[in-house]
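Colleague: Below are the chains, spelled out letter by letter.
Protein chains: 4
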Amino acid sequence: MIKAGIIGATGYAGAELVRLLLGHKEVEIKWYGSRSYIDQQYASVYQNMFELVDATCMDDNLTELAKQVDVIFTATPQGFLASVLTEEILSQVKIVDLSADFRIKDVEVYEEWYKIEHKSPQFIEEAVYGLCEINREQVKQARLIANPGCYTTCSILTAYPLVKEGLIDTETLIVDAKSGTSGAGRGAKVANLFCEVNENMKAYGVANHRHTPEIEEQLGYAAGKPVYINFTPHLVPMNRGILATEYAKLNKKTDGTLPTYEDIKAVYDKYYKDEKFVRVLPKDIFPETKWVEGSNYVDINFKIDERTGRIIMMGALDNLVKGAAGQAVQNMNLLFGLKESEGLELVPMFP
Amino acid sequence: MIKAGIIGATGYAGAELVRLLLGHKEVEIKWYGSRSYIDQQYASVYQNMFELVDATCMDDNLTELAKQVDVIFTATPQGFLASVLTEEILSQVKIVDLSADFRIKDVEVYEEWYKIEHKSPQFIEEAVYGLCEINREQVKQARLIANPGCYTTCSILTAYPLVKEGLIDTETLIVDAKSGTSGAGRGAKVANLFCEVNENMKAYGVANHRHTPEIEEQLGYAAGKPVYINFTPHLVPMNRGILATEYAKLNKKTDGTLPTYEDIKAVYDKYYKDEKFVRVLPKDIFPETKWVEGSNYVDINFKIDERTGRIIMMGALDNLVKGAAGQAVQNMNLLFGLKESEGLELVPMFP
Amino acid sequence: MIKAGIIGATGYAGAELVRLLLGHKEVEIKWYGSRSYIDQQYASVYQNMFELVDATCMDDNLTELAKQVDVIFTATPQGFLASVLTEEILSQVKIVDLSADFRIKDVEVYEEWYKIEHKSPQFIEEAVYGLCEINREQVKQARLIANPGCYTTCSILTAYPLVKEGLIDTETLIVDAKSGTSGAGRGAKVANLFCEVNENMKAYGVANHRHTPEIEEQLGYAAGKPVYINFTPHLVPMNRGILATEYAKLNKKTDGTLPTYEDIKAVYDKYYKDEKFVRVLPKDIFPETKWVEGSNYVDINFKIDERTGRIIMMGALDNLVKGAAGQAVQNMNLLFGLKESEGLELVPMFP
Amino acid sequence: MIKAGIIGATGYAGAELVRLLLGHKEVEIKWYGSRSYIDQQYASVYQNMFELVDATCMDDNLTELAKQVDVIFTATPQGFLASVLTEEILSQVKIVDLSADFRIKDVEVYEEWYKIEHKSPQFIEEAVYGLCEINREQVKQARLIANPGCYTTCSILTAYPLVKEGLIDTETLIVDAKSGTSGAGRGAKVANLFCEVNENMKAYGVANHRHTPEIEEQLGYAAGKPVYINFTPHLVPMNRGILATEYAKLNKKTDGTLPTYEDIKAVYDKYYKDEKFVRVLPKDIFPETKWVEGSNYVDINFKIDERTGRIIMMGALDNLVKGAAGQAVQNMNLLFGLKESEGLELVPMFP
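Residue numbers (this note's numbering), protein chains in the order written: chain A, 1 to 351; chain B, 352 to 702; chain C, 703 to 1053; chain D, 1054 to 1404.
Derived by calculation from the structure, the hints in this document are not laboratory data. Keep in mind that this is a model prediction, so the values were computed, not measured. Glycine included, C-beta positions come from ideal geometry on N, C-alpha and C. Watch out, some of these pointers could steer you wrong.
Per the computed footprint, the stretches of chain B lying under chain C, defined by three or more beta-carbons under 8 Å from a beta-carbon of chain C, are [to be verified]:
#1 539 to 550
#2 580 to 591
#3 655 to 661
Below, computed lysine-lysine pairings styled on BS3-like, alpha-carbon distance capped at 30 Å [said to hold, decoys possible]:
#4 B/Lys-466 / C/Lys-967
#5 C/Lys-1005 / B/Lys-456
#6 B/Lys-540 / B/Lys-515
#7 B/Lys-654 / B/Lys-621
#8 A/Lys-249 / D/Lys-1302
#9 A/Lys-25 / B/Lys-654
#10 D/Lys-1356 / A/Lys-249
#11 A/Lys-189 / C/Lys-817
#12 A/Lys-273 / B/Lys-376
#13 D/Lys-1168 / A/Lys-249
Isolated chain A, as found in the complex (with noise of 0.2 Å):
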């Protein structure tokens, strides 16, 4: 078995880490980190562990945690694990970060997106950037992982086999996204609160959300050239689901046509076919965030209008699972030679 630690356990993300852990035949949880409810039982903060998990919530020492078990998740706030990572935690254990520390390679980039100073640059380089689909091989012999963000993994994968192949232009690339409300985390604020969020809708972060530079970066990889986006989250009443809608430019064929939909579905399938979590749909059937709650599943279709030569992409994941813990647990399937749909073999739950 193997064992695992989780730092931040009692956020929506490190709860989800915990359910899916659960139902996973090869890992134990040995460590429920969580600095706010520190001595408290688990279940007492998460009610739906009553008799499920009986443990008590542990404090966020990474040098001890690293001593006792083979994998450490960090669902902690942006900062906290490039404060306290050390060499010699990175030798005694593999590390799936659900923060944004290890997400982007320029570190500039980073503090300037993120307003704080970066205190452990020399790990950024040999983290691998944790989009299983693209990086899988990498994440195989990695020690650090940074796992993407929601939107991210959301709007890269939703977009990628088209910039990766040439078919969009780029340069007119738009993406706007909405969420549920879980990915603004279990923090107590007004703008969260049921009766502000309920019957509501807005944009947020408008061409400045931090999620902007890691789209911008992987999709920069893919084309070979930088990319520059707009972004644009919104927030939606419900508790879990990102869709985003991507708009760009096709570019035309060598024959001055635009490309048909086979030439479009060719592509998607060549990346995705057999990826197990990612589903392009049929014909015209668009994604819907329910169909893939509670699962690892990124569900994705696109609609060619040639009134205005754009391709509209459409992708839909369950932000708490593909979007944060689920993808951790795929990565350490990976890390550890696992079978990488162990424990995430969920079934969506509709309604």
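Could you slot chains B, C and D onto chain A? The hints should help.
Modeller: Same frame as chain A, now just chains B, C and D:
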């Protein structure tokens, strides 16, 4: 592998059966019956099943189905199973009926509350009321299981130990129940439209809901005498979950005092301590539907009000799991001698 | 124009007062008091008021405010008004208090349920309990109005005629109430976050909610004897609305039979036929919270269950209107001799 | 008093017309037309109107109705008005049509997008597109008003000043819109059931929604040239509200620089400063649908992204008020020379 057929596979309860059975190691679904969607891809009706179920919807020919499978689940409207069931069928397969057809032993009571003539009363006697925690041994021997209703499972289990042990005056028992909207089914009715249910709450079926005689019959067996209750269901703007709040006068002890918290707790523990799917919560922690969502758990607790001499009992479950498909699978496990929790070890999903 | 001041203008009840008073022809708001947002633009706290309210938030100096206005609404935490009220203030202005400070005549009962020392018990006697339909004449003469609680307004009005006329056995009265989340206020608490409330339902304050003694006191006056009830509030995933479902044994008529539908209906009509804001619905049409949303109406109906000899009474209102701000305005109208419905002729909004 | 008739009074838009007209001092509703509920009490279909409306539903005989009233609102399916309208009717009454029949000047475009033959193209030319803020003077002179669609009102008003003044490149304009579910109407369809919409989000009508040509036509007039856009509507789990997020490249100024915040703000102010129902929000405060709920306001703001040279424009309105019934009343006020805001001075309801 046990071969299973589902009649009514495209209703919400039927679809939940599919979700659960896909995760069950010993069962294979061979027949997705759906009169409304016959010959259509099942995954086109429930898109969450895309790439998970590759089957088209079949008809509801029970005679034919009985030859092909080991167990049939009927998630059908009242009257269907009674109108087609034969001895020949029952000699070939086990049946778990999610409708009310065989739940009530007195056929006159059935016909009065359901306003339907019962077409095969000869099978009523042998049918076992499949509330596993109470009738486990009978279930194991049965051919025909009357799977309990959603409200009834919640209402009965919440009060059962106290009724059985004579701690409450059943003449004062009142059940005020609240349900998510999936209990209303997938039929297209104005009353169940999003805009009619959302931001709304109402009582319905006041003093005449069909689950009333079912609760009364079962609690009557426990009490050893007829029980008549008030049962009031309410519709709540959420997808899943039933919360039953039950009120009754506590019978005084022989010394004239009220039973204490410890007295009552001991009785609940006597019945439920070893029951995996019934969780009696810690003192003053009350059930919430979200804490059991997606799982087969019933969470129960109670509070004594010394001012009025009443006890308030509360129970919560997921109406589609323990209130329907989960309990059906639990019954199937008992019928076939499998581990009772096989396929049902689902961690509740929060948020 | 009557000049009004609001202390606690940035809570949900305070904001609803602003909404209602902006549409009131005889009133002008002169003071938006809010300790938390002092010196901030009111419209920056409630953006719906952009271009409608051009004022900054003031402090809660009641002495100063009393010199500037004709009426003060205090939508403040329990204990605030009692701690600052003086005879001098009361000699200058009328006060409508939306807190519980002056609702309960027995100061010991107040202190026991609220766990607060009452700082100005000398004003309790003169305070009038502002349930307009019942205490209309006393309200007109008052200086200090104790505006009823949301649950209490609904619970009392639903049962009042039957209690007053002795048609039900008050010893058997049980109130099972369900409320939208705005009743929990705008404070930033984890329990009120969208993700905790949405898709969830729970009972709370079981057997000890503070509205219990308030209901008991008022129904006690109607009954002419002490009344003790079970009152159980529940939290429902919607913004606005309270539904109270009440149960009691019907007293038999002198001939030993139960009262009929017509008997009961006649009693409700006796009390409410001429009440603009109380609507007794047609037979078998039950109250739904959405049908009164945004308005000052209470919708009421009942059902007799001859099997158990009980009556089920149901009432629905908008907790922020008839359950708080609307009733406060209704009281103000009475205090100043205005048309009772002035500013309150709001058509319920559906959907 | 102006006498009004409504055809389609039992749809959501029709019911909202009733709500608004009941609060309008100069209008009296004489005819509640509803083919589906003919001869039934209107208040039995919309229970919020109990004791407020005492009328039975009438048929949709426009010829007869025209003789009895001064103005007719048709909140009917596409094609209805076109199939029954005559010169005789138009010579007797003013008509405000909430359907799309007379919104599009080019009958071929109408027929292509709506897949319906237009039965009275002879009235298209004289019909005035009733977007009051833009066509106020023409509306005053009209007999027949084509009341704009909900998405279109929001989409057009959000971009109009910048298109009119040539500040954005209309070839790059993309409208990503999100709507509450009341926009889907009150028809009983599985896709609009609570359990299908709740906790879900999806795009629909991708690249072929019927509001596309309407937006294009109106923005084309503003631009002085044909405009083709991408318009993608999404369904959101809330009752009311539309949020439009719009993207376009900013045209550079003559000095080669991008327009500044102040440049853009000045243009919005030029068009909307004196418009009561359009509120351009303070810098960096973005529209939220809840802040306009129940009111006739459109809240608008924008953000310049210098990295991409695009502007993100956002607009929010209540689809049943400014997006349908409110705008219809505003048009009626103009038609009859009443105060434009009469009956529409509704304060948005929050929460």
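Colleague: The structure should be examined with respect to each hint, and the outcome stated for every one.
Modeller: Going down the list of hints, with the structure as the test:
| no. | hint | result |
| --- | --- | --- |
| 1 | 539 to 550 | holds (count 4) |
| 2 | 580 to 591 | holds (count 9) |
| 3 | 655 to 661 | holds (count 5) |
| 4 | B/Lys-466 / C/Lys-967 | 28 Å, holds |
| 5 | C/Lys-1005 / B/Lys-456 | 28 Å, holds |
| 6 | B/Lys-540 / B/Lys-515 | 40 Å, violated |
| 7 | B/Lys-654 / B/Lys-621 | 18 Å, holds |
| 8 | A/Lys-249 / D/Lys-1302 | 14 Å, holds |
| 9 | A/Lys-25 / B/Lys-654 | 39 Å, violated |
| 10 | D/Lys-1356 / A/Lys-249 | 22 Å, holds |
| 11 | A/Lys-189 / C/Lys-817 | 27 Å, holds |
| 12 | A/Lys-273 / B/Lys-376 | 26 Å, holds |
| 13 | D/Lys-1168 / A/Lys-249 | 28 Å, holds |
Going through the hint list in order, the structure does not satisfy hints 6, 9.
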